[in-house]
Amino acid sequence: MMDDADLLAAAREALDGLILPDGTPLLEAKTVSGPVLSGGRMSLAISIKEAEAATYTDIRAKAEAALRAAPGGDGAIVVLTAEKAAAPAPPNLGKAKTPAAKPPVLSGVRHVIAVASGKGGVGKSTTSVNLALGLRALGLKVGILDADIHGPSLPTLLALHGRPRLGKDRRLRPMQAYGLEAMSMGLMVDEETAMVWRGPMVMSAITQMLSDVDWGELDVLVIDMPPGTGDAQLAIAQGTDLAGAVIVSTPQDLALIDARRGIAMFRKVDVPILGVIENMAHFVCPDCGSQHALFGSGGAAAEAARLDVPYLGAIPLTTDLRTASDSGQPIVARDPDGPLGMVYTDMARTLWSTLDAAPHSQQKTLQGV
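Once you know that position 1 of the sequence shown is 0 in numbering that gives the first Met the number 0, the rest is easy, because the numbers rise by one and skip nothing.
It is worth saying that the hints were derived from the structure and are not from the lab. Please note that the accuracy of each hint is not assured.
[Said to hold, decoys possible] Straight-line distance between alpha carbons at most 30 Å, and here's what the computed DSBU-like set of lysine-lysine pairs gives: (1) LYS167 to LYS61; (2) LYS167 to LYS140; (3) LYS29 to LYS61; (4) LYS29 to LYS48; (5) LYS267 to LYS48; (6) LYS48 to LYS61.
Hey, can you work out the whole structure from these sequences and the hints?
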């Protein structure tokens, strides 16, 4: 069995002979970091200027293919990192903006929706999985992408084990669980590995999980967004022609403040808000069944009305929901006809009615970083 030093030596041998567009051998370039092996996954970063992105696309693909063909290189990733230049002052202030050029088509996917929250810890990932399963219960073909690179939850929520396999075209195949096509960075690194990556590398990884994964034919791809409104969220919102976004929040004022920021971000990039979900609306006592409004009551519903966005409903905090999620058996899969399963499926039905009524525009993938 090869140790890490042997694997890295094999990786460098696989990269030997590759030449950057400026004529520099890849392994000798000061702009190249790696290859490195972390958590069982090989990676390499090439630092470029923003304007050079198209020029370096081919060498990025060749380097990644070389690493994936080397021993221990399954799922290897090569990213282009670039600092954006400051935008020039816009001419003709006050005049209508010219629409930005649209990214290329994500073949086979009819609708892409984002499930987002301004703050972590509000149950966004649990909501994403159960909404995806609710859409699947309607007879739709559904995929789910865990875009939270630093805190992936999908492997736990869906009890996924092992690594995604590569197809003959060297594209990753999603893993399957409960009829869903699923992909997460958590499937490609060890469970306890910390992803200490800077923004450009995170965005490039998300890009590749969209474009380098063979999603096949899907009615809906659900993206479980990272919490917050930073670079990664903005990159997905701007670089993907999203059909819309679902905002998850608790009734608590602290969560609602960040939910407002999330809604504002999506509106700035012209992404429709499909609805707001109030999660952890109340706690249901497992002994007596009484309800306790731990985080206040009705805050998300009131905020949705104030901002004039649809309100999809409320999800209580119950012991059943928590144990189902921790065991990798989401409540919609474990008890689809139970009260919680029916609530999620009803929300999914409302979402699909909105999506199906919208003009059919094929969804697009992220542009390369």
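*So which hints don't hold here, by number, going up?*
No hint contradicted; all consistent.
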